[in-house]
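Chemist: The lines below spell out each chain.
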Amino acid sequence: MPPLARSETAVSIMAPTLVGVALLLFWEIACRAGNVPVFLLPKPTDIAAKLASDWPTLLGALGMTLRVAVQAFAASIILGTLIAFLFVQSRLIEKSLFPYAVLLQVTPIVAIAPLIVIFVKNTQAALTVCATVVAIFPIISNTTLGLRSVDPGLINLFRMNRAGRLQTLLRLRIPSALPYFFGGLRISSGLALIGAVVGEFVAGTGGRSSGLAYEILQSGFQLDIPRMFAALFLITLAGVGLFVIMVALSRLALGEWHESEVGTET
Amino acid sequence: MGQAGEATVLALTEPRAVAAETAPAVEVLSAEKVFPNGTRALAPIALTIAQGEFVTLIGPSGCGKSTLLKLMANLIEPSDGRLLWWRAGYGDVVSKGRQLGFVFQDPTLMPWARVETNVRLPLDLAGTPKAAAGARVSAALARVGLSAFARHYPRQLSGGMKMRASIARSLVIDPDLLLMDEPFGALDEFTRNRLDDDLVNLTFERKLTTVFVTHSIYEAVFLSSRVIVMASVPGRIFATLSIDEPQPRAENFRNSARFAEYCRTLSGLLAKASVA
Numbered sequence: 001m002p003p004l005a006r007s008e009t010a011v012s013i014m015a016p017t018l019v020g021v022a023l024l025l026f027w028e029i030a031c032r033a034g035n036v037p038v039f040l041l042p043k044p045t046d047i048a049a050k051l052a053s054d055w056p057t058l059l060g061a062l063g064m065t066l067r068v069a070v071q072a073f074a075a076s077i078i079l080g081t082l083i084a085f086l087f088v089q090s091r092l093i094e095k096s097l098f099p100y101a102v103l104l105q106v107t108p109i110v111a112i113a114p115l116i117v118i119f120v121k122n123t124q125a126a127l128t129v130c131a132t133v134v135a136i137f138p139i140i141s142n143t144t145l146g147l148r149s150v151d152p153g154l155i156n157l158f159r160m161n162r163a164g165r166l167q168t169l170l171r172l173r174i175p176s177a178l179p180y181f182f183g184g185l186r187i188s189s190g191l192a193l194i195g196a197v198v199g200e201f202v203a204g205t206g207g208r209s210s211g212l213a214y215e216i217l218q219s220g221f222q223l224d225i226p227r228m229f230a231a232l233f234l235i236t237l238a239g240v241g242l243f244v245i246m247v248a249l250s251r252l253a254l255g256e257w258h259e260s261e262v263g264t265e266t
Numbered sequence: 267m268g269q270a271g272e273a274t275v276l277a278l279t280e281p282r283a284v285a286a287e288t289a290p291a292v293e294v295l296s297a298e299k300v301f302p303n304g305t306r307a308l309a310p311i312a313l314t315i316a317q318g319e320f321v322t323l324i325g326p327s328g329c330g331k332s333t334l335l336k337l338m339a340n341l342i343e344p345s346d347g348r349l350l351w352w353r354a355g356y357g358d359v360v361s362k363g364r365q366l367g368f369v370f371q372d373p374t375l376m377p378w379a380r381v382e383t384n385v386r387l388p389l390d391l392a393g394t395p396k397a398a399a400g401a402r403v404s405a406a407l408a409r410v411g412l413s414a415f416a417r418h419y420p421r422q423l424s425g426g427m428k429m430r431a432s433i434a435r436s437l438v439i440d441p442d443l444l445l446m447d448e449p450f451g452a453l454d455e456f457t458r459n460r461l462d463d464d465l466v467n468l469t470f471e472r473k474l475t476t477v478f479v480t481h482s483i484y485e486a487v488f489l490s491s492r493v494i495v496m497a498s499v500p501g502r503i504f505a506t507l508s509i510d511e512p513q514p515r516a517e518n519f520r521n522s523a524r525f526a527e528y529c530r531t532l533s534g535l536l537a538k539a540s541v542a
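Here the protein sequences line up with chains A and B, keeping their order. Here my numbering is used: the first residue of the first sequence is 1, the next is one more, and so on. Here my numbering is used: the first residue of the second sequence is 267, the next is one more, and so on.
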């Protein structure tokens, strides 16, 4: 890596870290100076202390929320990709079904979550369904777009070389769709987490295990504001983590050839 | 045919196919093309491409030269009339193992695949065994001077190198007929001339029958044994110009007085074709 690139990487890590530290310091100092009560706005140190003391419960809740989010994300990828493949089979299929995919997308999950909870007995399964409904749309629309965005010249080339349907799919359509698919993944991973949290807010948690949304609700009832912040912090952390994993995956798959990952070196 | 250095103009006529022992590579038998929207891209065309000929199609935009080339590639079908390849239908081209190579206007490389994978594609699609395919890919890359770039991705290549890769891909199947649709149109003149020089040697070495579409008068004169001048609305053959110069063309042919004379004749024909 050339020195310039290395220093650029360093800057892109250092700069936001410094901003974060500065903000936390300002928060801490302002709270101390203004004597802000903990139930109104806790200091970062209060939150950190809470995080440490309630760690086992919070970690369990994080695990539960993540499990729902990851299950929903996986379901979105599998179902969304299958639906996209179905859509590209014919324009008629897409025209007939796409409006319903949009319908699913525009209906607020908050509005249909109670219904899903009634229909699906197992709470965790119900939450997974909620999150899947939220997360599946970007996968469907991006993958469909990708599978259709094939260089017409390459299609002619494949046809001239008498490529079969399967060959064209594997060697042409799927690679062409990958950049779009990964774009969909990034959006969808975040949405799956949002769906898991929102679903739990609405549906509540039955049974023994509860997620982070439930922790936030409970902390609110008990006016345990630092705990609320701690749970919020963990949700954010999970979201960032998912995003970073998606970026890394996308780089792994497209890094060597696609403009979005290659940067401006050429 | 006229003396060397003199343009033989056979306006609106079809030169009789040279009495050769082999069947003509392509015969266009009053094939015409009307697109579904009613555009008449080609009036009935009669054209014979003899084995080993280098024929260039040239003409104003919209004269149907690309359409005619695509007919010869069987990428589109004629609305009326028909085409024969080596005196047989396209189905026989396939069953007799004849290969058509096509070079597009753009390099049309798969951006996710390395140069060698791109070049190997026609062999992979045909199910050629790996070892044999590898040898042919190396040979094709060597022929276009890209051996050192086999492991590169297309984005790492210059425009001219991408086009070379595209040509290597069309050569890897050892085509019996090479169809090229304005392959160097997007390149600068210097690169274009170099590629033209290489193409001349390539096609000569392999006695490759080639049909080439271009907008460039110089390119047409330099490369071809015969230039077909087309006119538009509807697309039709306007004139034929034989370039009676020995093949392979030497690089300095471009600087000769005969070259200038051919160019003058061809540009006169094109001027007439564009108002015809």
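Among these hints, one or two may not hold up.
Said to hold, decoys possible - Per label pair, the in silico range of CB-to-CB distance:
{"no.": "1", "chain 1": "A", "residue 1": "Ile155", "chain 2": "B", "residue 2": "Gly304", "range": "36 to 42 angstroms"}
{"no.": "2", "chain 1": "B", "residue 1": "Pro302", "chain 2": "A", "residue 2": "Lys95", "range": "18 to 24 angstroms"}
{"no.": "3", "chain 1": "B", "residue 1": "Phe301", "chain 2": "A", "residue 2": "Val120", "range": "49 to 55 angstroms"}
{"no.": "4", "chain 1": "A", "residue 1": "Gly60", "chain 2": "B", "residue 2": "Ala414", "range": "32 to 38 angstroms"}
{"no.": "5", "chain 1": "B", "residue 1": "Gly304", "chain 2": "A", "residue 2": "Lys95", "range": "39 to 45 angstroms"}
{"no.": "6", "chain 1": "B", "residue 1": "Gly328", "chain 2": "A", "residue 2": "Glu259", "range": "45 to 51 angstroms"}
{"no.": "7", "chain 1": "B", "residue 1": "Asn518", "chain 2": "A", "residue 2": "Arg165", "range": "46 to 52 angstroms"}
Stated by the list, open to error - Selected chain B positions facing chain A (Cβ under 10 angstroms, derived; list incomplete):
{"no.": "8", "residue": "Phe368"}
{"no.": "9", "residue": "Gln371"}
{"no.": "10", "residue": "Thr374"}
{"no.": "11", "residue": "Leu387"}
{"no.": "12", "residue": "Ala392"}
{"no.": "13", "residue": "Phe415"}
{"no.": "14", "residue": "Ala416"}
{"no.": "15", "residue": "Leu468"}
{"no.": "16", "residue": "Ile483"}
{"no.": "17", "residue": "Arg492"}
Stated by the list, open to error - Here are a few chain B residues that face chain A, going by a calculated C-beta distance under 10 angstroms:
{"no.": "18", "residue": "Ala289"}
{"no.": "19", "residue": "Glu343"}
{"no.": "20", "residue": "Gly347"}
{"no.": "21", "residue": "Leu349"}
{"no.": "22", "residue": "Pro420"}
{"no.": "23", "residue": "Phe470"}
If you are wondering where the hints come from, they were derived from the structure by calculation, not from laboratory data. Here the structure is a predicted model, which means the values were calculated and not measured. In this text, a Cβ means the ideal position worked out from N, Cα and C, and glycines have one as well.
Chemist: Hint by hint, note whether the structure agrees.
Modeler: The hints, checked one at a time:
About 25 angstroms separates the C-beta atoms of isoleucine 155 of chain A and glycine 304 of chain B, a value inconsistent with the hinted range of 36 to 42 angstroms. Proline 302 of chain B and lysine 95 of chain A have their C-beta atoms about 21 angstroms apart, which keeps the hinted 18 to 24 angstroms range intact. One distance hint, 49 to 55 angstroms for the beta-carbon pair phenylalanine 301 of chain B and valine 120 of chain A, holds here, with the actual separation near 54 angstroms. At roughly 58 angstroms, the beta-carbon separation of glycine 60 of chain A and alanine 414 of chain B lies outside the given 32 to 38 angstroms, and the hint is violated.
As the Cβ distance of glycine 304 of chain B to lysine 95 of chain A is approximately 26 angstroms, the hint placing it in 39 to 45 angstroms is violated. Distance hint check for glycine 328 of chain B and glutamate 259 of chain A: the Cβ-Cβ separation is about 33 angstroms, which falls outside the suggested range of 45 to 51 angstroms. Separated by about 51 angstroms at the C-beta atoms, asparagine 518 of chain B and arginine 165 of chain A satisfy the suggested range of 46 to 52 angstroms. Taking 10 angstroms as the C-beta contact cut-off toward chain A, the hint placing phenylalanine 368 of chain B at the interface holds, the least distance being around 5 angstroms.
For glutamine 371 of chain B, the interface hint holds, since its Cβ comes within 10 angstroms of a Cβ in chain A; the closest pair sits about 8 angstroms apart. Of the supplied interface hints, the one on threonine 374 of chain B holds, with its beta-carbon coming within about 4 angstroms of a beta-carbon of chain A, less than 10 angstroms. For leucine 387 of chain B, the interface hint holds, the least distance from its beta-carbon to any beta-carbon of chain A being 7 angstroms, beneath 10 angstroms. Interface hint at alanine 392 of chain B: satisfied, since its Cβ lies 7 angstroms from the closest Cβ of chain A, which is below the 10 angstroms cut-off.
About 14 angstroms separates the beta-carbon of phenylalanine 415 of chain B from the nearest beta-carbon of chain A, more than 10 angstroms, and the hint is not met. At a threshold of 10 angstroms, the smallest CB-CB gap from alanine 416 of chain B to chain A is about 15 angstroms, leaving the interface hint violated. Here the hint on leucine 468 of chain B is broken, as its CB sits about 20 angstroms from the closest CB of chain A, past 10 angstroms. Annotation: interface hint on isoleucine 483 of chain B violated; nearest CB of chain A at approximately 26 angstroms, more than 10 angstroms.
With 10 angstroms as the threshold, the beta carbon of arginine 492 of chain B stays out of range of chain A, its nearest partner Cβ sitting at about 24 angstroms, so the hint is violated. Residue-level restraint check for alanine 289 of chain B is violated (minimum Cβ-Cβ distance to chain A is 22 angstroms; threshold 10 angstroms). Nearest Cβ of chain A to the Cβ of glutamate 343 of chain B: about 12 angstroms, over the 10 angstroms cut. The hint is violated. The beta carbon of glycine 347 of chain B comes no nearer than 21 angstroms to any beta carbon in chain A, farther than 10 angstroms, and the hint placing it at the interface is violated.
The closest approach between the C-beta of leucine 349 of chain B and any C-beta of chain A is roughly 15 angstroms, which is over the 10 angstroms cut-off, so the hint fails. Of the supplied interface hints, the one on proline 420 of chain B holds, with its beta-carbon coming within about 8 angstroms of a beta-carbon of chain A, less than 10 angstroms. The beta carbon of phenylalanine 470 of chain B is not positioned within 10 angstroms of any beta carbon in chain A (closest approach about 24 angstroms), and the interface hint is therefore violated.
Taken one by one, the earlier hints fail for this structure at numbers 1, 4, 5, 6, 13, 14, 15, 16, 17, 18, 19, 20, 21, 23, listed in ascending order.
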